[in-house]
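K.L.:
Assemble chains E, P, W, F and Y with the ligands onto chain H, guided by the hints.
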Amino acid sequence: MKALAAMTLDERVRLQFEVEQFLYREAELLDDREFERWLELLTDDVHYWMPVRRTTTAREADGAFTQPGEMAFFDDDRAMLETRVAKLRARNSWAEDPPSRTRHFVTNVQIKDVAEDEITVACAFRLSRTRLDSEEDSWVGRREDVLRLTPAGLRLARRHIFLEQTLLLAQNLSNLF
Amino acid sequence: MKALAAMTLDERVRLQFEVEQFLYREAELLDDREFERWLELLTDDVHYWMPVRRTTTAREADGAFTQPGEMAFFDDDRAMLETRVAKLRARNSWAEDPPSRTRHFVTNVQIKDVAEDEITVACAFRLSRTRLDSEEDSWVGRREDVLRLTPAGLRLARRHIFLEQTLLLAQNLSNLF
Amino acid sequence: MKALAAMTLDERVRLQFEVEQFLYREAELLDDREFERWLELLTDDVHYWMPVRRTTTAREADGAFTQPGEMAFFDDDRAMLETRVAKLRARNSWAEDPPSRTRHFVTNVQIKDVAEDEITVACAFRLSRTRLDSEEDSWVGRREDVLRLTPAGLRLARRHIFLEQTLLLAQNLSNLF
Amino acid sequence: MGAKDRRAPLDVAELVDFERGLVDRRIFTDPAIYQLELRNIFARVWNFVCHESQIPTPGRYFRNAIGNDSVIAVRDREGAVRVLLNTCPHRGNSVCRADEGVARSFFCSYHGWNFDLNGDLLGVPGYDDFYRGTLDKSQWGMASAAQVQSYNGFVFATLDSEAPPLEEFLGWVGRVGLDMLCARGEIEVVPGVQRNLIQCNWKLAVDNLFDWYHPKVSHASAVRLNVLPESTLYPNDQMVLLGDYGHAIGGPGLSSENQARLERQHDESAQTAGADGADGSRRHAHAWRLREDVRERMGPVGVRTRGHPNIFPNLWVASGGTQLCLRVPRGRGVTELQWYTFVEKDMTPAERREVIQHAIHFFGPAGLLEQDDGENWSHSTRGAAGTAAGTRPLNFAMGAGLDAVRADGDQASIDTVVNEHGQRWTYQAWADWLAAPDWPSLVANHTAPPTEVI
Amino acid sequence: MGAKDRRAPLDVAELVDFERGLVDRRIFTDPAIYQLELRNIFARVWNFVCHESQIPTPGRYFRNAIGNDSVIAVRDREGAVRVLLNTCPHRGNSVCRADEGVARSFFCSYHGWNFDLNGDLLGVPGYDDFYRGTLDKSQWGMASAAQVQSYNGFVFATLDSEAPPLEEFLGWVGRVGLDMLCARGEIEVVPGVQRNLIQCNWKLAVDNLFDWYHPKVSHASAVRLNVLPESTLYPNDQMVLLGDYGHAIGGPGLSSENQARLERQHDESAQTAGADGADGSRRHAHAWRLREDVRERMGPVGVRTRGHPNIFPNLWVASGGTQLCLRVPRGRGVTELQWYTFVEKDMTPAERREVIQHAIHFFGPAGLLEQDDGENWSHSTRGAAGTAAGTRPLNFAMGAGLDAVRADGDQASIDTVVNEHGQRWTYQAWADWLAAPDWPSLVANHTAPPTEVI
Amino acid sequence: MGAKDRRAPLDVAELVDFERGLVDRRIFTDPAIYQLELRNIFARVWNFVCHESQIPTPGRYFRNAIGNDSVIAVRDREGAVRVLLNTCPHRGNSVCRADEGVARSFFCSYHGWNFDLNGDLLGVPGYDDFYRGTLDKSQWGMASAAQVQSYNGFVFATLDSEAPPLEEFLGWVGRVGLDMLCARGEIEVVPGVQRNLIQCNWKLAVDNLFDWYHPKVSHASAVRLNVLPESTLYPNDQMVLLGDYGHAIGGPGLSSENQARLERQHDESAQTAGADGADGSRRHAHAWRLREDVRERMGPVGVRTRGHPNIFPNLWVASGGTQLCLRVPRGRGVTELQWYTFVEKDMTPAERREVIQHAIHFFGPAGLLEQDDGENWSHSTRGAAGTAAGTRPLNFAMGAGLDAVRADGDQASIDTVVNEHGQRWTYQAWADWLAAPDWPSLVANHTAPPTEVI
Ligand code: FES
Ligand code: FES
Ligand code: FES
Ligand SMILES: [Fe+3]
Ligand SMILES: [Fe+3]
Ligand SMILES: [Fe+3]
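Protein chains in written order, with the working numbering: chain H, 1 to 177; chain E, 1 to 177; chain P, 1 to 177; chain W, 1 to 454; chain F, 1 to 454; chain Y, 1 to 454.
You may find that some hints are simply not true.
To be verified - Residues of chain W clear of chain F, computed beta-carbon distances all greater than 12 Å:
| id | residue |
| --- | --- |
| 1 | Phe18 |
| 2 | Arg60 |
| 3 | Gln259 |
Unchecked claim - 20 Å max Cα-Cα, derived SDA-like pairs, lysine to any residue:
| id | chain 1 | residue 1 | chain 2 | residue 2 |
| --- | --- | --- | --- | --- |
| 4 | W | Lys137 | Y | Leu22 |
| 5 | F | Lys216 | Y | Leu22 |
| 6 | F | Lys137 | F | Gly123 |
| 7 | P | Lys112 | E | Leu88 |
| 8 | F | Lys137 | W | Pro393 |
| 9 | H | Lys112 | P | Arg33 |
| 10 | Y | Lys345 | H | Arg33 |
| 11 | F | Lys216 | Y | Phe107 |
| 12 | Y | Lys216 | W | Tyr127 |
| 13 | E | Lys2 | P | Asp10 |
| 14 | E | Lys112 | H | Arg33 |
| 15 | W | Lys216 | E | Leu88 |
As the list claims (entries may be wrong) - Simulated coverage check for chain P against chain E, where a stretch passes if three residues somewhere in it have a Cβ under 8 Å from a Cβ of chain E:
| id | stretch |
| --- | --- |
| 16 | 11-18 |
| 17 | 76-88 |
| 18 | 117-129 |
In short, the hints are calculated from the structure, not lab data. Glycine residues also receive a C-beta, built at the ideal position from the N, C-alpha and C atoms.
Chain H extracted, bound-state conformation (with noise of 0.2 Å):
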């Protein structure tokens, strides 16, 4: 693809809009639990990654979160994503049978970069999940998706989730952000 400075203003509009309509159909499927479907949507290198917050003086902003290779919630490959599947789709998948409700909210959509055939965008996104006699959770923050444009179409080749809680408020973290 084209640099992002070397776009016309139409260029940027259609891509801005390929690159809702994939994230928005990337989050349908999560949702609508069709989770094969989103693996889909992968690419064999994908890397999905949580890392863990922590509440930090001004001064000492910059160390809020932990680096690669420390603890995260989230450190995934495509292997991993796909045993996240396999459990959620077994018999006796508890923390989702009832299966939790879903909505992703995607939204402040921004393409940051784009070089060669990647494309990396960031967003603000509130995941909201109701279970059982409506117990809510919510979470908010940003995310940093990198997607590669392959012949299958766009695909999500890296997420970074940064969520605003240090102390997770949740029982668990059951579903894919």
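P.N.:
Here is chains E, P, W, F and Y with the ligands on its own, set in the frame of chain H:
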């Protein structure tokens, strides 16, 4: 209209823009309590439906929502919606006096189908309601709308509202989604 | 710029894109705590205003918000906003040390008017704030912004923030909307 | 002086002044009162749990609550309805998390103890290897309600083995109340029980069902739309039935003369509903009331009432006899409303649709009527917590001391105008329940239906 | 051994050690203490409810709270200000849900009882038909505050009929405190009362108003911006006035010498504000204090104080005399802050704007100063709940035993440096209020303003 | 009859029936029990606060909780670890709001009192000018834990000066439990302590750690994926160690024969882990157990256990000895889980990565195993609050009365199958702690490790 598959990328971008702007405008009319102008955006044969959701096991997840003809929270034709608006406007319509402050967040808009003069649109929504001393309710879910292209512009011909809550946490549903 | 009514659909699509990207970028600067760079996006004559809302009967609903010149939560010119940013940057600015984690959700963006070099934009917003051990506040409402097209690009010339809350549920308003 | 509340603990006997129609507001907010309600009322009374049509075949279940206990109503292999405490006897986990469905057995997600549909402990992983046979399975099944009985399809359960039989508990008034729903024909629940929360004490929701005083004001906007004929709101004739243990029916009745006229009209045209169009155009309207079997079972007085029954403590036969509304306490200040909508099995699709549309558009959280009720109750609850407001009794005095009771045998009824007898009766019974240490005491000491002016 | 708390109930007399300046932390968290505060303080004291300019004409009302009771301050048909309990005497519903507005009467949304602006029960639907005339309307109006009185436009109400007159309650210190706002001229509230919640015990918000120790640290970031001249934060001269029933004023004062100099300057130029630029460039600054009538009403000592008054229990005369801040308890650990901003009616638009901009930018939830306060209070509240932390008393010892009191007649004042006398005084009075079973006892037994070293 | 609960206050001695394995459900919901736990357990016991590697250098701190008190673990200037109550002695503000970091001193954001890393009060603004030297700084430093001690890098603190030394408190079982983590080599915490909330009583989270009965069911979906070899779930040999004060270890052990075989294998190849692949492919597996120093410190019985230790009350040595999980009560019905992951300092990057990936993917809130646990505990907690459910004891009877204890000196162990001894032991100890008025009494009266059949 052209079928979705037959559209060029530019055509899809334009249609997306028009659909989104329609949905934003329609939401704004509700939030501004311009209910009569909102009614103008509905077709005469509009169907406005919110089924009842039940928590089920994963195995029986298909049965979560009630079916047409069963109980629902909303199952309204145009006349009923006009009645609702008339009620909202009547003096001493206590559920809405003092008026609720609502905000409709319409995101993840996807055009799922274009057939003849009808556009099927899915979105993730969050309706936030604030009353009195800042008592807050919110409803999250998926909406499936059918917009019809009429000589007067786009009109809402069908709205199916799928909430995440099974037990509604709010004292009533005195607002429109 | 052309008046809105005189624009072609494509021109409106492009303007929508540019306005949305501006708002997303501006929100991101706040969430990233890049306050000085955020200030660069303001015009010198910017007016930043959040009136006080009161619960009223339906009959007196027009009086819900205070008027210009009455009390407000924010009624700031550029100098005052610079002072706020300077305060945020000062050592021992305790309300924001440890820093709050904020996320601005900007949705339902509508261009309401284009006149000369100014674009009036309405949106639904939700500002979510997380502090310390995941104490969460959120503010929901409507924003009406005026963006001005300058040689350096779009700039924020006016922001009117209409919250839904009458009684604010949070301990302070130490963040920017 | 210590910081402890210097007021004496509340004395139940002084909280309700039946004669003057005054009720102490603290009964809506006091935590000890609430605990006492859970123990002395909900853990003792016959609680509605579901309708048999909701669980027609073995394995079909419906989850509900008895007070603050979660229960499962389930059809067992023999076709009997069981009501099980939804808590695993092993480590207390919920055995059932779904609202409804069909199960072959109940399998606990923690350690896999598996229970038959009647609660019997079927399977225990490691019974031989780990327990080495020492677990007495017969003692560790799911706890059942002490008694489960149906009245014409309505399933009730009590956690108290001393409770008298359901029909005795219901008495004439309770039976008449349920008959208003089930005497029409064979009925079934329409799929989709609506549920929502109101931030109010459960009793304020309950007393409202007798409240034929509020519609013209609370529901003024609906009245203005002519969606409700105004005649239904302030009917000329009101009739009150008061029964043992707190059951009551209040609301429109037919005077004997009108009843007689209705009967004559009916003789003329079995298809005509007669003068009382209160419940709209629904077929037959009240014609079913003229059936011989109905007259026999409801009695000459019962057949005349068109009011709102409350099966004590919290089951409203609503919406002109096509819905039940159960009010489940979820805390002192939170009540869950459940709406069950019934159709007769032999209705045409159009008739069925009419009933359902009526239910959706008038009742339930989005109903044109119902949406205006909740905030009144939540504000009444909130107000009761005020230090000064809490000292002022609520007023239920409308009609107090003014109306004669007609006693036909043990059937007490009052023909009168709009009134608050039903509410007073409910609170008086409530005080009886709270004061009684057990069922025998309640049987012996509860207030008997009045026979004189009340 | 039983599971009940083995500690004795809190003994109010031991919670506050005035002399050593120690306060038991449990007073911020104990539920029984909070209930006692609602009854013995808020349901008894003169509570600020609004300023008369907010409700200038008949029918104008402003909703507020007295402790945990909702009240309506309203101008009645005769022009008198009434304070009504916002709870319908019928079934307890809130009669008024708006924050402010204009009403011809108060119409209850539940059954339509309609109340005159003075609370009288005007209309009862069905009075003849349903109540059949038996309801004594004169007994079932809205409850009023026992007494309502204004001090120069500030409306106070008490729920206790035994309370002494407002001016007697205020005494010299309370009056001087309010005079700092109202002696300047004719004042009015600017539309828009800012309200927000802080997760703190109300007393921790109150004691902070005397706290001239915290600004340099809590508000360090604002200080660094030079938006606050540092001289205002650690002024050389501090002055404390202590009054009956807990009123106090603490903060900057002028020494007699500086006061004399100010007067000389004023004689030279009536337009010059003199040396005390503490409150910025606002017109006249403190020149109004030199007016003959002001000197007479505030007295020679009162006229010298520039500190922060607290009208016990929870009304702060703030912001250099242009704002009031009321701290309403919304639970043990939640406080609502209300900010009222005042302008003089004869101000120019520019002067008016200056006052309003100052109020917006320094105080209220987005104020450069105020935004840094809340978290300190909420964390102090939270910390007090700790099992170990709760056993350690808070320290309010600054200045304890070090400062002589100058008594001019019954006017006690202290000239000193930054101190915690105001806080200690407030907690001592708080203990008096909690210990007194009623007003006569409080009058007889409260701590009198000191006359010696404290 | 009054509205007060007529049931006697709970009698701690009757809540736990050790012999029959029955536990009263009210211990999970009763507010007075919870307060008693905070005082008699958490304010008295040795609480884990951090590992020394988290605060390696002076000024490094980690914030944590002891019961409901916030504390700071910090390395002081001399290199000693201090545990300070995170509440300013002045007005109670939190002195530290960050989770971790490095500080030169602790500066209170309210008035700027400044505390040395050991809690000493260093700086008091206005000490001379305002306090005029009267504040005894030596008395107003930050409160410290009464005692702080480390066991091989694990930092524990107690708020009770009467507590015996940490090693005595731990006893053989507690030390063996921690040795399973620290005897492998020099270890350190990987940055990033995972924390999340579960809506359960803390004891239900704790008792689950001994629960080798639930994995095959609770974690059935993970088992099906073969990510967990099934052999690890129902190992043939189980071993239980029971210690003083409630410490216990339960789970897989090696029989003496297998242990002997393992030793032989090890002799043959120091690189081979042997037959017990329970913890996957991690290097050396249990080879470290064969080291002479380890055998000496853990003893011949201790070295054989591969189970889950709980350091009473709430510290789980988890994940096969690479993680600690602390369960902090945040209310009767809310528990915070904290996961600490350890690596050996001399691991290769690949080994280190393997440990971390295992921790992320199996434990913590997103772990394939752990995500299924929370709802069982929250529903068990919720169910216990039911009026009827609350009267039925939970069943921890598996193995009760069936297993002989082998006593090697003071080292009591049981070789058996899957069982609930560890849970029973924990609840029995819990009752001892609650019943004891102080440490000497607990030392004298706690249940001694069994020596016969239990
Ligand atoms: S809790 Fe149900 S089987 Fe253990
Ligand atoms: S509650 Fe106000 S009129 Fe009945
Ligand atoms: S509260 Fe810490 S210095 Fe005052
Ligand atoms: Fe109603
Ligand atoms: Fe301050
Ligand atoms: Fe587990």
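K.L.:
It remains to establish, for every hint, whether it holds in the given structure.
P.N.:
So, going through the hints one by one against the coordinates:
1. For Phe18(W), the requirement that its beta carbon stay farther than 12 Å from each beta carbon of chain F is met, with the minimum near 16 Å.
2. Separation of Arg60(W) from chain F is adequate, the least Cβ-Cβ distance of about 40 Å exceeding the 12 Å criterion.
3. The non-interface label for Gln259(W) is consistent with chain F: the shortest C-beta to C-beta separation is roughly 22 Å, beyond 12 Å.
4. With a CA separation close to 15 Å, the supplied pair Lys137(W) and Leu22(Y) stays within the 20 Å bound.
5. Of the pairs offered as hints, the one joining Lys216(F) and Leu22(Y) is violated, with about 59 Å between alpha carbons and a cut-off of 20 Å exceeded.
6. The suggested pairing of Lys137(F) with Gly123(F) holds, with an alpha-carbon distance near 9 Å, which does not exceed 20 Å.
7. Taking the CA atoms of Lys112(P) and Leu88(E), the gap is about 27 Å. The hint is violated against a cut of 20 Å.
8. Restraint check: the Cα-Cα separation between Lys137(F) and Pro393(W) comes to about 15 Å, which is no more than 20 Å; the hinted pair holds.
9. For the hint pairing Lys112(H) with Arg33(P), the CA-to-CA distance comes to about 18 Å; that is within 20 Å, so the pair holds.
10. Of the supplied pair hints, the one linking Lys345(Y) and Arg33(H) is violated, its CA atoms being roughly 42 Å apart against a limit of 20 Å.
11. For the hint linking Lys216(F) to Phe107(Y), the alpha-carbon distance of about 13 Å falls within 20 Å, and the restraint holds.
12. Taken as a hint, the Lys216(Y) and Tyr127(W) pair is honoured in the structure, with Cα atoms around 14 Å apart against an allowance of 20 Å.
13. A hinted pair counts as satisfied when its Cα atoms are at most 20 Å apart, and Lys2(E) with Asp10(P) qualifies at roughly 18 Å.
14. Annotation: proposed proximity of Lys112(E) to Arg33(H) holds, straight-line Cα distance about 18 Å (limit 20 Å).
15. Between Lys216(W) and Leu88(E), the direct Cα distance comes to roughly 16 Å. Compliance with the 20 Å bound is thereby established for this hinted pair.
16. Counting residues of the stretch 11-18 of chain P whose beta carbon lies closer than 8 Å to any beta carbon of chain E gives 3, which meets the minimum of three for the stated coverage.
17. Restraint check on the stretch 76-88 of chain P versus chain E: 0 residues with Cβ-Cβ distances below 8 Å, three needed, restraint violated.
18. Using a Cβ-Cβ cut-off of 8 Å, 3 residues of the stretch 117-129 of chain P lie near chain E, which meets the minimum of three, so the contact claim holds.
Violated hints, in rising order: 5, 7, 10 and 17; the structure is consistent with all others.
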